[in-house]
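J.: Sequence:
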Amino acid sequence: MARIKPPVVITANRLTTGEVVFWGNEQQWVRKISDALPFHSIDVASETAKAIDDELVVLGVYLIAIAASDGAHQPTHYRESIRAAAIAPYVIAGNDGVTDAPL
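So the sequence shown is numbered by our numbering: it starts at 165 and just counts up by one.
Just so you know, the hints here were simulated from the structure itself, not pulled from any lab data. Take these hints with a grain of salt, some might be off.
[As the list claims (entries may be wrong)] Simulated DEER-style distance windows between Cβ atoms:
#1 Gln238 with Val208: 31 to 39 Å
#2 Thr180 with Ser233: 32 to 40 Å
#3 Arg167 with Gly224: 17 to 25 Å
#4 Ile168 with Lys196: 15 to 23 Å
#5 Ala231 with Val208: 16 to 24 Å
#6 Ser210 with Ala231: 14 to 22 Å
The structure displayed is predicted, hence computed values, not measured ones. Glycine residues also receive a C-beta, built at the ideal position from the N, C-alpha and C atoms.
Full structure from sequences and hints, please.
T.: In structure tokens form, the structure reads like this:
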């Protein structure tokens, strides 16, 4: 796997619904990549990811590279673009589709 380069954001899947979440500016999990906290240091991002990896809340915490311009965050990898757009080939049982529900 190629080494990831900054800027990056932290992502995971919400344990209860499986939906994609990002570590946000307010130090909590958010649903929109536009609300994600960008890191310009891989070391700081990695340490933060380790510190916030709570297996009772999220699964699969990892870093993704983004292109940041004009305050917008766009994943640089096709797979992550799909995840960030919340496109999924399945319906998650118990997910009522309420996008503003707290995490």
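J.: It remains to establish, for every hint, whether it holds in the given structure.
T.: Here's how the hints hold up against the structure:
Under the hint 31 to 39 Å, the C-beta atoms of Gln238 and Val208, about 21 Å apart, miss the expected range. Between Thr180 and Ser233 the beta carbon distance is about 33 Å. The supplied range of 32 to 40 Å therefore holds. Checking the proposed 17 to 25 Å range against Arg167 and Gly224 shows it holds: the Cβ atoms sit about 19 Å from each other. Checked against the hint of 15 to 23 Å, the C-beta distance between Ile168 and Lys196 comes to roughly 21 Å, which is consistent with it.
Checked against the hint of 16 to 24 Å, the pair Ala231 and Val208 passes, with Cβ atoms roughly 19 Å apart. Our hint of 14 to 22 Å for Ser210 and Ala231 holds, since their Cβ atoms are close to 20 Å apart.
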